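Undergrad: Chain by chain, the residues:
Protein chains: 2
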Amino acid sequence: MTRVVIIGHESAGFTAACSAKAADRRAEVTVIERRKHPLYHPCGMPFAIGEEIDLKNLIENTRAPNVNLRLGTEAKSIDLTARIVEVTELKSGKTETISYDSLILATGGCPSRPPIPGVDLGGVHVLRTIEDAEAIIEAAKKAKRAVVVGGGTIGVETSAALKRRGLETLLVELMPHVLPTILDQDMAELVVERLQKEEVHVLCSQQLGEIKGKEKVKSVVVGGEEHPADLVVMATGVKPEVKLAEEAGLTLGVTGGIKVDQYLRTNDPYVFAAGDCVETKNLITGKPSLSPLAPIAIKMGRTAGENAVGGKSTFEGISNTVVTSVHELVIASAGVTTEKAEEAGMEVVSSRIRTLNKPSYLPGAKPIYIKLIVEIKERRLVGGQIISTNGVAERVNLLSFVIQKGMRVEELADMEYCYMPALSNTIEPLTIAAEAVLRKL
Amino acid sequence: MTRVVIIGHESAGFTAACSAKAADRRAEVTVIERRKHPLYHPCGMPFAIGEEIDLKNLIENTRAPNVNLRLGTEAKSIDLTARIVEVTELKSGKTETISYDSLILATGGCPSRPPIPGVDLGGVHVLRTIEDAEAIIEAAKKAKRAVVVGGGTIGVETSAALKRRGLETLLVELMPHVLPTILDQDMAELVVERLQKEEVHVLCSQQLGEIKGKEKVKSVVVGGEEHPADLVVMATGVKPEVKLAEEAGLTLGVTGGIKVDQYLRTNDPYVFAAGDCVETKNLITGKPSLSPLAPIAIKMGRTAGENAVGGKSTFEGISNTVVTSVHELVIASAGVTTEKAEEAGMEVVSSRIRTLNKPSYLPGAKPIYIKLIVEIKERRLVGGQIISTNGVAERVNLLSFVIQKGMRVEELADMEYCYMPALSNTIEPLTIAAEAVLRKL
Numbered sequence: 021m022t023r024v025v026i027i028g029h030e031s032a033g034f035t036a037a038c039s040a041k042a043a044d045r046r047a048e049v050t051v052i053e054r055r056k057h058p059l060y061h062p063c064g065m066p067f068a069i070g071e072e073i074d075l076k077n078l079i080e081n082t083r084a085p086n087v088n089l090r091l092g093t094e095a096k097s098i099d100l101t102a103r104i105v106e107v108t109e110l111k112s113g114k115t116e117t118i119s120y121d122s123l124i125l126a127t128g129g130c131p132s133r134p135p136i137p138g139v140d141l142g143g144v145h146v147l148r149t150i151e152d153a154e155a156i157i158e159a160a161k162k163a164k165r166a167v168v169v170g171g172g173t174i175g176v177e178t179s180a181a182l183k184r185r186g187l188e189t190l191l192v193e194l195m196p197h198v199l200p201t202i203l204d205q206d207m208a209e210l211v212v213e214r215l216q217k218e219e220v221h222v223l224c225s226q227q228l229g230e231i232k233g234k235e236k237v238k239s240v241v242v243g244g245e246e247h248p249a250d251l252v253v254m255a256t257g258v259k260p261e262v263k264l265a266e267e268a269g270l271t272l273g274v275t276g277g278i279k280v281d282q283y284l285r286t287n288d289p290y291v292f293a294a295g296d297c298v299e300t301k302n303l304i305t306g307k308p309s310l311s312p313l314a315p316i317a318i319k320m321g322r323t324a325g326e327n328a329v330g331g332k333s334t335f336e337g338i339s340n341t342v343v344t345s346v347h348e349l350v351i352a353s354a355g356v357t358t359e360k361a362e363e364a365g366m367e368v369v370s371s372r373i374r375t376l377n378k379p380s381y382l383p384g385a386k387p388i389y390i391k392l393i394v395e396i397k398e399r400r401l402v403g404g405q406i407i408s409t410n411g412v413a414e415r416v417n418l419l420s421f422v423i424q425k426g427m428r429v430e431e432l433a434d435m436e437y438c439y440m441p442a443l444s445n446t447i448e449p450l451t452i453a454a455e456a457v458l459r460k461l
Numbered sequence: 021m022t023r024v025v026i027i028g029h030e031s032a033g034f035t036a037a038c039s040a041k042a043a044d045r046r047a048e049v050t051v052i053e054r055r056k057h058p059l060y061h062p063c064g065m066p067f068a069i070g071e072e073i074d075l076k077n078l079i080e081n082t083r084a085p086n087v088n089l090r091l092g093t094e095a096k097s098i099d100l101t102a103r104i105v106e107v108t109e110l111k112s113g114k115t116e117t118i119s120y121d122s123l124i125l126a127t128g129g130c131p132s133r134p135p136i137p138g139v140d141l142g143g144v145h146v147l148r149t150i151e152d153a154e155a156i157i158e159a160a161k162k163a164k165r166a167v168v169v170g171g172g173t174i175g176v177e178t179s180a181a182l183k184r185r186g187l188e189t190l191l192v193e194l195m196p197h198v199l200p201t202i203l204d205q206d207m208a209e210l211v212v213e214r215l216q217k218e219e220v221h222v223l224c225s226q227q228l229g230e231i232k233g234k235e236k237v238k239s240v241v242v243g244g245e246e247h248p249a250d251l252v253v254m255a256t257g258v259k260p261e262v263k264l265a266e267e268a269g270l271t272l273g274v275t276g277g278i279k280v281d282q283y284l285r286t287n288d289p290y291v292f293a294a295g296d297c298v299e300t301k302n303l304i305t306g307k308p309s310l311s312p313l314a315p316i317a318i319k320m321g322r323t324a325g326e327n328a329v330g331g332k333s334t335f336e337g338i339s340n341t342v343v344t345s346v347h348e349l350v351i352a353s354a355g356v357t358t359e360k361a362e363e364a365g366m367e368v369v370s371s372r373i374r375t376l377n378k379p380s381y382l383p384g385a386k387p388i389y390i391k392l393i394v395e396i397k398e399r400r401l402v403g404g405q406i407i408s409t410n411g412v413a414e415r416v417n418l419l420s421f422v423i424q425k426g427m428r429v430e431e432l433a434d435m436e437y438c439y440m441p442a443l444s445n446t447i448e449p450l451t452i453a454a455e456a457v458l459r460k461l
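Protein sequence lines, in the order shown, are assigned to chains E and V. Counting in the working numbering, the first sequence runs from 21 upward without gaps. Counting in the working numbering, the second sequence runs from 21 upward without gaps.
Worth flagging that the hints you see were computed from the coordinates, not collected in a lab. Please note that the accuracy of each hint is not assured.
Remember, identical chains collapse to one label, so a pair may be satisfied in a single copy or spanning two.
[Claimed, not checked] Quick list of in silico lysine-lysine cross-link-like pairs, DSS-like style, CA-CA up to 27 Å:
#1 K111 to K96
#2 K460 to K332
#3 K301 to K425
#4 K332 to K397
#5 K460 to K41
#6 K41 to K279
#7 K263 to K236
#8 K161 to K425
On a predicted model such as this, the values are computed, not experimentally measured, just so you know.
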């Protein structure tokens, strides 16, 4: 009987528990979780701030069957030699040790708070836990002027949400455009246009210099200019939570995530890791990468769970398949941006098309923008970005599939697709995009 | 300067003209078309009958640039030895001959009217041309009881449309269930349920015996029972229009379509064929097949157009990617049904799942049904069927891609996908479906 201990019960830990039990019914699985509630959906929180979802609905009571879930319990240390985890029950302060045959670290990530003067003032928030979201919602009820720092997915979604609640909202991004890890400049401009249409102010290529105020934030200084603010959300990224791993002596990678092999095994043969705390590989560039995305955490959880009970499942890496939204606009991306491709030394060509998602004679026909990035030598598709009102996520999933399989853009151009005038255009937009980039090759 | 003559100006002929000019600017392209309007969207007609689309909008004035489009002109015969087409201008009756270096037959299909007693009575319609649709719409204004014969996509869409116009509607299908070429019985039942919810009466495994009436239809006899009717639509399939080809001495295939090689060349080296009139190959079974679908006609048109001016483009076959709808329900399929797979001698296993297209806590979360069919020996995905309210067509396109590439179902289970709670579920339904069928392998 294998004793599996899992630290962390979000997407990766929960899936790992289910998967270990599915692979070996006799395994004794214990999950250590600091939170009091079993599961929650962090990706839904910006939409709860925007009052599209009730925050309460983001807390879920799902538990893996026949698993010993220890809520309100914190893992304090790991002894790799003795194979034990020391844990503390948070309410009672009681400490005990739990032995394992296999350990899975699914400790997730924690929001990075850049060391800016004033970052610890009242009214300055991060968004990671349900409690963070509750605090932002409470603060937003009284606040008038919000500043969101960081134009990644969380920052973009949160700024749209705060504006929807009626706050004057400013979004500040250090890079030349929003969503810099998933979009090229020309695609990001469409997102900024949509934000500005809602009167969200956007400042790109601008660094937050200082947060001013006594006890509570009064203003922020961006590029030398002072902007009044009574609510600040720092959406400046997520760092892997690796304190336990590091203190135990496990090896970290260059990105700061826990180093693992394709079986998600760390440098200790009895310890696996899964989810946001792991350093994985970008399948397109081959470079080490972090990936704080729920579907990746689930995939990793499945692999780590199986392998913790003796399986040989592999996780090869990620192609960075991401979707976000601003009001009715859906924005998705797979693979690398032009900048990332060039940084990795690839010679690429790209093309952006605009077409309609239905025949123009139908009510509700909307523009769809598709940008494809192709590596010139092998003609492989390496990146795809789509913006429209619907059919965006599903189409990006197909692009992601083509990218993951290392396929040529001709294979995409040649795809067979279905057609019905009420739903789609006679020529599938993905094939129009593929033909457009082929003409440049 | 190559003289290209194309007979027929729907999806295949129009695309062939564009594609020939794109590949060779100096080519002299002439298109012969019987109709008076340049292009129309036949797939939109059931929706025009149902008053969702204005019929006028289905007529398009698009013309390929720098192409000599001869509307209102009928090709009467082809002399393969002399390489000339004899044409008649329908209005004047004037006849002339046109010489070609390459000829493309894009003559399309014509509705099959089974030789049932009474099939030529007044009030019995087919649906292929704009004039057919006009006649049905006119008749529907006065009619009370409609019978649609044939439960394929056109029959299902037309029966829902006539019911929406307020007619009592009966749909009759010879096979044990509707949409028999694209759905298995269990999936088709969901479509029948939806039709019945709208009070469309559906009779399966029933043959239309006779259409009764004097001059005009009064009733139909189905399985020995008489049903009153004042409007009948025969949606019993489309036959390839091959009269010209046959009379010219070109070889036909076992399906009755024009036989071509992978370059879409007929047995005459100067003659190509594209679209509904062609016999192609089913990529999964390897068997000869017809495919009266616009996206296939477009793909074939592109290939034939390029090759008519000296190209070497290939068209390898079809995987039968189809979408249809009944009210808000979207129904799509790719590859083969269980029955078709077994007929072709494959050993298959299948699994059907039902899940939600969004997290259950979100407004508008709807069921999505996915059935996957997998060939046991190679574990290849050979068929996929999806029914839901949205994201159906795009997901079936991904399944179609996996099927066309001959990929294993594990590769689908392993797909990376994007996630956002407002749009999708944490676990992509396609991967849930893939995991479900994997458990049976």
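Undergrad: Next step is simple, just say for each hint if it's right about the structure.
TA: Quick rundown of the hints versus the structure:
{"no.": "1", "hint": "K111 to K96", "verdict": "within (15 Å within a copy, 91 Å between copies)"}
{"no.": "2", "hint": "K460 to K332", "verdict": "between (43 Å within a copy, 20 Å between copies)"}
{"no.": "3", "hint": "K301 to K425", "verdict": "both (15 Å within a copy, 26 Å between copies)"}
{"no.": "4", "hint": "K332 to K397", "verdict": "between (34 Å within a copy, 22 Å between copies)"}
{"no.": "5", "hint": "K460 to K41", "verdict": "between (51 Å within a copy, 19 Å between copies)"}
{"no.": "6", "hint": "K41 to K279", "verdict": "within (25 Å within a copy, 56 Å between copies)"}
{"no.": "7", "hint": "K263 to K236", "verdict": "neither (30 Å within a copy, 84 Å between copies)"}
{"no.": "8", "hint": "K161 to K425", "verdict": "neither (48 Å within a copy, 54 Å between copies)"}
Checked against the numbered hints listed earlier, the structure breaks hints 7 and 8; every other hint is satisfied.
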